[in-house]
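My numbering applies: residue 1168 is where the sequence shown begins, and numbers increase by one.
Some clues are possibly wrong.
Under the rule of at most 27 Å between Cα atoms (straight-line distance), these lysine-lysine pairs were calculated in the DSSO-like manner [unchecked claim]:
id, residue 1, residue 2
1, K1283, K1213
2, K1290, K1348
3, K1325, K1348
4, K1317, K1283
5, K1317, K1223
6, K1213, K1290
7, K1283, K1223
8, K1223, K1213
9, K1283, K1325
10, K1290, K1325
Okay, the calculated beta carbon distance ranges per label pair [as the list claims (entries may be wrong)]:
id, residue 1, residue 2, range
11, R1259, R1315, 31 to 37 Å
12, V1287, A1322, 28 to 34 Å
13, R1215, K1290, 36 to 42 Å
14, G1235, T1265, 34 to 40 Å
15, G1349, Q1246, 41 to 47 Å
16, L1255, R1334, 24 to 30 Å
Keep in mind the hints are simulated off the structure, nothing from the lab.
Built from N, CA and C at the ideal position, the CB exists for glycine as well.
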Amino acid sequence: MSIKRMRYAAVVAAVLALPAPAEAAAPPTPASGPATADRAPYACAKDRWPWGCVAKCESSGRWNANTGNGFYGGLQFWQPTWRTFGGLAYARRADLATRDEQIRVAEEVLRVQGWKAWPVCSKRYGLTGRAHVVRRGESLSSIARAYRVKGGWKALYKLNRQLVGARPDRLNIGTMLRLPKGAGPGRRLTSQTGGGGEPAPAASRPSTPTPLIPSTRPTRPTQPVQPTQPVLPVPPAVPSAPVTSASPVLTDPTPQTSPSPSPFPSLSPSLSPRR
């Protein structure tokens, strides 16, 4: 009986060691927010996550896509968006730019408009909110100041601790940091605004240049009044110069020459005594 019990116990242990069917069939869950390639459960994540996945969703991964629908490139830029966010510095249209150049412009769109600039594809991969891609020389403090993050770098670090790691003073270039709600537009203000709390700061900055435009235009009409000063009657004063009294003064020396014969009589008496 003891041998049978031992065999039974071994069979039970082997059965318990097998994985549960539910766990084996569980599909991977999409990543929430900006994720890294090792966290994203998608094959396209290896192609510079998440842009490779977004391009695969938007244009089947064709970075030179031009289907005639008004959207261009792998990330399907609308032409006004491409122009507004600096795309013309690289190419006339997105489909004429390189893959890296398109991603560079997309990062500018992302920090202002957030992932809702690609509503369908971002939803497919669980991408939400706005994000900032770390560039060379940046720190959590400088990024928090640029976006006016409430709570400073500590709030930004708390939101991105899993991405940054245990050293908040060290950031890897290319890390995609999540921006909290209510963050400002960042370094460069663009004509297009994102969502959430950014319309307020975005509207406050354009409001300052608008009063300046009308103020400069009224001043220019006043300047044309100044050209009338050169047309003042000052030049007519020049004709008065020909009527100078210098010409009559010139006639005076002629009578002075006439009295010159007077010295001759004085010479004649002087000669007579000598004789």
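Hints, one by one, checked against the model:
A threshold of 27 Å between alpha carbons decides the hint, and for K1283 with K1213 the separation of about 22 Å falls inside it, so the pair holds. Among the hinted pairs, K1290 with K1348 is consistent with the structure: their alpha-carbon atoms are about 18 Å apart, no more than 27 Å. Taking the CA atoms of K1325 and K1348, the gap is near 14 Å; set against the 27 Å cutoff, the hint holds. Restraint check for K1317 and K1283: the C-alpha separation of about 23 Å stays at or below 27 Å, so the hint holds.
Restraint check for K1317 and K1223: the C-alpha separation of about 36 Å exceeds 27 Å, so the hint is violated. The hinted pair formed by K1213 and K1290 meets the criterion: a straight-line CA distance of about 19 Å does not exceed 27 Å. Annotation: proposed proximity of K1283 to K1223 holds, straight-line Cα distance about 17 Å (limit 27 Å). For the proposed pair K1223 and K1213, the alpha carbon gap of about 12 Å is at most 27 Å, so the pair holds.
Of the supplied pair hints, the one linking K1283 and K1325 holds, its CA atoms being roughly 23 Å apart against a limit of 27 Å. Annotation: proposed proximity of K1290 to K1325 holds, straight-line Cα distance about 24 Å (limit 27 Å). Checked against the given bound of 31 to 37 Å, the beta carbons of R1259 and R1315, roughly 34 Å apart, stay inside it. Range check, V1287 to A1322: Cβ separation about 31 Å, and the 28 to 34 Å hint holds.
In this structure, R1215 and K1290 break the distance hint of 36 to 42 Å, their C-beta atoms being roughly 20 Å apart. At about 22 Å, the CB distance of G1235 to T1265 disagrees with the hint of 34 to 40 Å. For G1349 and Q1246, the hinted distance range of 41 to 47 Å is not satisfied, since their beta carbons lie about 31 Å from each other. At roughly 39 Å, the beta-carbon separation of L1255 and R1334 lies outside the given 24 to 30 Å, and the hint is violated.
When each numbered hint is compared with the structure, violations occur for hints 5, 13, 14, 15, 16.
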